[in-house]
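Hey, can you work out the whole structure from these sequences and the hints?
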Amino acid sequence: MEPIVIRDETVIPRKHRALQRIMLVCFGILFLRLYQLQLLSHTEFWKKSEVNSIRPVPKEAVRGYMYDREGKLVVDVGPLYTITITPYEFDTTNLPLLCSLIQVSKETILERLARGRAYSPFVPVKVKRDVDFRTLSLLEEYSYLLPGVGYEIESKREYHGGIIGSHLLGYCKEVSEAQLQNIGSSYRLGDVIGATGLEAKYERYLRGEKGYSFLLVNSRGQVIGPYEGGKRDILPKEGYDLLLTIDSDLQVLAESLMTGYRGAVVALDPNDGSILALVSKPDFDLRVLSGVTPAEVWNSLNANPEKPLFNRATMTRYPPGSTFKMLVAIAALDDGVIDESTVLSCSGGFVYGNKLFKDLHVHGRVEVKKAIQQSCNVFFYQLALKVGLQRLYEYGKKFGFGQPTGVDLAEETVGLLPSVEYYDRVYGKGKWTLGYIVSLGVGQGEIGVSPLQMARYTAALANGGILVQPHAVSGIYNKHTRSLELIQTQSKPIGIHPEVLTIVREGMRRVVEEPGGTGGMARIPGVVSAGKTGTAENPHGKDHAWYIGFAPFNAPKIAIAVMVENAGFGGAVAAPIAGKIIQRYLEKLQLSQQHTTLATNSSTKVQ
Amino acid sequence: MKTQMVLREVSIALSLIVMQTTIIPLFAIELYVPDVVLLWVVYIALRFGQIEATIGGFCSGFLQDILAGQLLGLSALVKTITGFVAGYFYNENTFEQTMTTLRYTMIVFVLSLLHNGLYFFIFYQGVKDSVILATIETGGITTLYTTVFTFIPFFYYTRKHRVVWNRS
Amino acid sequence: MLERVFHIFTLYKEYVVLSCCIILSLTLLTTNDSPQIKRIRSVVSVGFGIVQEYVSFVPQYFSLRSENALLRRKNIALADEANRLREAKLENYRLRRMLEFKERATFPMKAAFVVSKDLLLLRNTITINVGYNDGIREQMPVVNEDGLVGLVTHVSANYALVTILLNTSLRVSGKIQRSRVDGIIQWDGSVLLFENVPRTRDVQVGDVIVTSGYSQFFVPNIRIGVVRELGDQPGSLFKKIVVTPAVDFVKLEEVFVILGHANEEQLNLESSVRGVLSQTRSK
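Residue numbers (our numbering), protein chains in the order written: chain A, 794 to 1400; chain B, 11 to 178; chain C, 15 to 297.
The hints are simulated quantities; they were obtained by calculation from the structure and are not laboratory data.
Each hint should be verified, as a subset may be incorrect.
Unchecked claim - Stretch by stretch, here's where chain C covers chain B in the computed footprint (C-beta under 8 Å, at least three residues):
| no. | region |
| --- | --- |
| 1 | 64-76 |
| 2 | 89-98 |
Said to hold, decoys possible - Simulated restraints, written as ranges between beta carbons of each label pair:
| no. | chain 1 | residue 1 | chain 2 | residue 2 | range |
| --- | --- | --- | --- | --- | --- |
| 3 | A | Lys-1003 | C | Leu-133 | 38 to 44 Å |
| 4 | C | Val-19 | B | Leu-24 | 34 to 40 Å |
| 5 | A | Ser-1385 | C | Asn-235 | 36 to 42 Å |
| 6 | A | Leu-890 | B | Leu-24 | 42 to 48 Å |
| 7 | A | Arg-1080 | B | Leu-24 | 58 to 64 Å |
| 8 | B | Arg-18 | A | Gly-983 | 53 to 59 Å |
| 9 | A | Lys-1190 | C | Lys-254 | 52 to 58 Å |
| 10 | C | Lys-254 | A | Ser-978 | 31 to 37 Å |
| 11 | C | Arg-108 | B | Leu-24 | 53 to 59 Å |
| 12 | A | Val-1090 | B | Ala-144 | 40 to 46 Å |
| 13 | B | Leu-24 | A | Leu-888 | 41 to 47 Å |
| 14 | C | Arg-194 | A | Gly-983 | 32 to 38 Å |
| 15 | C | Val-19 | A | Arg-848 | 52 to 58 Å |
| 16 | A | Leu-890 | C | Asp-216 | 32 to 38 Å |
As the list claims (entries may be wrong) - In silico SDA-like cross-links for lysine to any residue, where the CA-CA straight-line distance does not exceed 25 Å:
| no. | chain 1 | residue 1 | chain 2 | residue 2 |
| --- | --- | --- | --- | --- |
| 17 | A | Lys-1272 | C | Val-217 |
| 18 | A | Lys-865 | A | Thr-1274 |
| 19 | A | Lys-865 | C | Val-195 |
| 20 | C | Lys-254 | A | Glu-853 |
| 21 | A | Lys-852 | C | Arg-215 |
| 22 | C | Lys-27 | B | Ile-65 |
| 23 | A | Lys-1190 | A | Val-1130 |
| 24 | A | Lys-852 | C | Ser-250 |
| 25 | C | Lys-27 | B | Val-20 |
| 26 | C | Lys-27 | B | Ala-23 |
Note that CB positions come from ideal geometry on N, CA and C, so glycine has one too.
Laid out in structure tokens, this is it:
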């Protein structure tokens, strides 16, 4: 039985022909579908297939680090782990194990899985963000039993050396939609941006540049592998590092000394304005905000009546109290209204118009140094009147009051320094009397300064009359070019007679060093220092305490302003805090000097 | 087998494999994709015999694995076995007849059932909760859909070779 | 003889081809890293282990049954004995070292011999001659006197499959003994890596890595290896840390399985404690 193949179309079984037609129809339908897919929906599918076939995965750059003035790592970047499940690979019989490992309820996981599966079973679903390393290592060890369970790595800030620095360092936040419209295209929803403190101010240096890796993905969303073996990937560019002027030991000490108080400490190097420590209390743990911040944490921080998010070091404006007296004295001396030996008498009170301005003691006959040493109010009431509002305002401006300090932290208040125009505006022209400015002589009334402004003022008193620009960053290190860009700050001489400053400084020295001074609690054994206490009247409660000071007296290395809310008399609470901080810093300086002398000595010996 | 013939079959196989990974998924109904490479393996078995089909099955399966990139070796294994079993349907004399009648469709159906059963049984291990149910569902539907595609060679052979049976 | 073999071959050529292709396919399959293959692999490996142990005696029978003369046979027997004595002496030494190790260790352990091992794959395993009947369960750590070997991942009645450190699917949480820096040990197919360690952490070449207390399988402070190489990974948060394993897997013959490491108990306790904590917090 040999089949004979012939090229003739006569003999074909009938049933075959029927079958042929059915198949022709089937094929026709399929062909039409193909036509529709390939030609009619061409552009639509083309787009889709292009998007599908190469999936760019953004890679966040490693944020820059921050080092303190001694080169110690203070702000670090650590991993933030997010547990994911690929629905297609996940075996739901392993659910109980997974639940117990990551402490997420079964329902939550199932719900996420279902949602993920509906989108694409091959795309990993996030089930828990910001898990700790212990959980991660457990998951990793169980990974051979948990197919489909993986993790993604993002980064978050970590802090070393016991530093809190909530207001100085600042925190990062997911960029908000409102911000997105302002800052342009390099940010996407979900990106992290510096929100406060140095993180915000130096955002463009710290952030670096996002990179992309390209993955080849099939039409069902399943990752096949890296596109062109990862050759086209764009590596993220790391952010620049910040070299801080902060001394982390000093910062930690200041933070611990202020524990339990509400207030702020700002310590500057009076020679260049670099911030050695900046503390605002109450504070909060930056680590709480560094990873995924639960809404209740945010709400409790925001709703806290103590306002821990508020930066008291740069944002409060309280009257400076008696710490303002040096300014009044300088104005008077510099204008020649009084001289070093001008004596005014204090009877424990001062009447101007129909109002009595009080003093704590009867100081008798005092000249300017004694007035500062014993903080005689009556002396300065009279001085304020003698100097006049306009000159007082001008000298205040010279020392940086009523204007921004130019600090490189995200937010600061300009405070309030009243001028003639100010009173005219508030009370109306001619409707206020000179009596309004009597209290200005002792830093009370309508005047507001921030601890940072006070520290800058103290630095100017310390360094012989140069107004520095406070700053927390001394340099920016570019890891790509390996170059260090030093930050330039502006210092300008105030322009007062040097003898004037000498007189005032001597008064300040007596405050701390002589018996009868108000700042004896800030005394440091073996070092001559200078300072001034202050008490800011508070209509809402107990007075706020101030202390400003600097040391060593002859060649100041540190200038400090301490403000403690509702602490009463400044000499009791604020002065010892300042004293301890100054002492620690000077001891450190001495130690490092000894080290360098030792080092140079030994190296000369070797030579 | 002559070299020319081998070359011809190989080029058919290659184009089918390329089609299988490019065009055929467009015909997919839900997730069920017909397997035209399987048609080729069966065809090789019917035309040349068991060994050729076994080797052909392995090679084509291997290529498919490389191109599709899921479980490397799985298609190779399953196509090898399918080719081997398909070899039992080999009969030198009835090739043309088989290709032009519903017999080819039937054979493809049986082998496709074997092929898909094995394939999805392994494929779903440790992935689905009920492996057997999933295998029956996916395997069954894929088999039916693959069988529909037998009209291609059927069409080809009935057009090319108008067959008359010499009953003498 | 050869002709006969050839004859048999031609007779069964279909089957020969089939077997070849199937073996090839299976080999290909085992290179995958997917849940499907893990199940198949465990069955196959344990099976191989059993077969291998019996087959390993076969060459001896052949040599005994060969048509050698009496003298020659005696010679071989003597040589064999000498060999065995030497072997016994070495074994004695090794066992004594292990015994010392066992005495030093505080947890109950079960000694075992390696029956078979893979060292050249991405996922290497060893099969040991103790199993369920000896009290071996899944997820028990396996060590020797040098340090960590791996983890029992499959158990049959008398054999157990151990996933060793040189296996891409095994992860061990470890820490640098000196600086307490945490990380995860993982084999990438060619070298052992200590991963997930941020760049700023204190790690130096020569640092010893031990198992950390975080682990649920491994008791803490088992030696894992020594840091051999440090590198940078551009754009990454992490250091690249290459580790030399403490255990010489090539020479590995005897191991210990650490019994009764109470991981489930710990798990249950922890989850119950965490439950209580979260309850009190919500109150």
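Here's how the hints hold up against the structure:
With 7 residues having a beta carbon nearer than 8 Å to a beta carbon of chain C, the region 64-76 of chain B meets the requirement of three or more and the stated coverage holds. Coverage of the region 89-98 of chain B by chain C holds. Counting CB-CB distances below 8 Å, 4 residues qualify, and the rule asks for three or more. One distance hint, 38 to 44 Å for the beta-carbon pair Lys-1003 of chain A and Leu-133 of chain C, holds here, with the actual separation near 42 Å. Checking the proposed 34 to 40 Å range against Val-19 of chain C and Leu-24 of chain B shows it holds: the Cβ atoms sit about 36 Å from each other.
A hinted range of 36 to 42 Å holds for the C-beta pair Ser-1385 of chain A and Asn-235 of chain C, which are about 39 Å apart. Taking 42 to 48 Å as the suggested C-beta distance range, the pair Leu-890 of chain A and Leu-24 of chain B conforms, at roughly 46 Å. Taking 58 to 64 Å as the suggested C-beta distance range, the pair Arg-1080 of chain A and Leu-24 of chain B conforms, at roughly 60 Å. At about 56 Å, the beta-carbon gap between Arg-18 of chain B and Gly-983 of chain A stays in the expected band of 53 to 59 Å.
At roughly 57 Å, the beta-carbon separation of Lys-1190 of chain A and Lys-254 of chain C lies within the given 52 to 58 Å, and the hint holds. Here the CB-CB span from Lys-254 of chain C to Ser-978 of chain A is close to 33 Å, well matched to the stated 31 to 37 Å. The supplied range of 53 to 59 Å is met by Arg-108 of chain C and Leu-24 of chain B, whose beta-carbon atoms lie about 57 Å from each other. For the hinted restraint 40 to 46 Å between Val-1090 of chain A and Ala-144 of chain B, the CB-CB distance of approximately 44 Å keeps it satisfied.
One distance hint, 41 to 47 Å for the beta-carbon pair Leu-24 of chain B and Leu-888 of chain A, holds here, with the actual separation near 44 Å. In this structure the supplied range 32 to 38 Å holds for Arg-194 of chain C paired with Gly-983 of chain A, their Cβ-Cβ distance being about 34 Å. For Val-19 of chain C paired with Arg-848 of chain A, a C-beta distance near 55 Å keeps the hint of 52 to 58 Å intact. Between Leu-890 of chain A and Asp-216 of chain C the CB atoms are about 34 Å apart, so this pair conforms to the stated range of 32 to 38 Å.
Between the alpha carbons of Lys-1272 of chain A and Val-217 of chain C the distance comes to roughly 21 Å, so the proposed pair stays at or under 25 Å and holds. Of the pairs offered as hints, the one joining Lys-865 of chain A and Thr-1274 of chain A holds, with about 22 Å between alpha carbons and a cut-off of 25 Å not exceeded. Restraint check for Lys-865 of chain A and Val-195 of chain C: the C-alpha separation of about 18 Å stays at or below 25 Å, so the hint holds. Straight-line distance between C-alpha atoms of Lys-254 of chain C and Glu-853 of chain A comes to about 19 Å, which keeps the hinted pair within the 25 Å bound.
For the proposed pair Lys-852 of chain A and Arg-215 of chain C, the alpha carbon gap of about 22 Å is at most 25 Å, so the pair holds. As the CA atoms of Lys-27 of chain C and Ile-65 of chain B are separated by approximately 12 Å, the hinted pair is consistent with the 25 Å bound. The hinted pair formed by Lys-1190 of chain A and Val-1130 of chain A meets the criterion: a straight-line CA distance of about 19 Å does not exceed 25 Å. Distance restraint check for Lys-852 of chain A and Ser-250 of chain C: the Cα-Cα separation of roughly 9 Å lies within the 25 Å cut-off, and the hinted pair is therefore satisfied.
Proposed proximity of Lys-27 of chain C and Val-20 of chain B is supported: the alpha carbons are some 22 Å apart, at most 25 Å. Taken as a hint, the Lys-27 of chain C and Ala-23 of chain B pair is honoured in the structure, with Cα atoms around 24 Å apart against an allowance of 25 Å.
Checked against the numbered hints above, the structure violates none of them.
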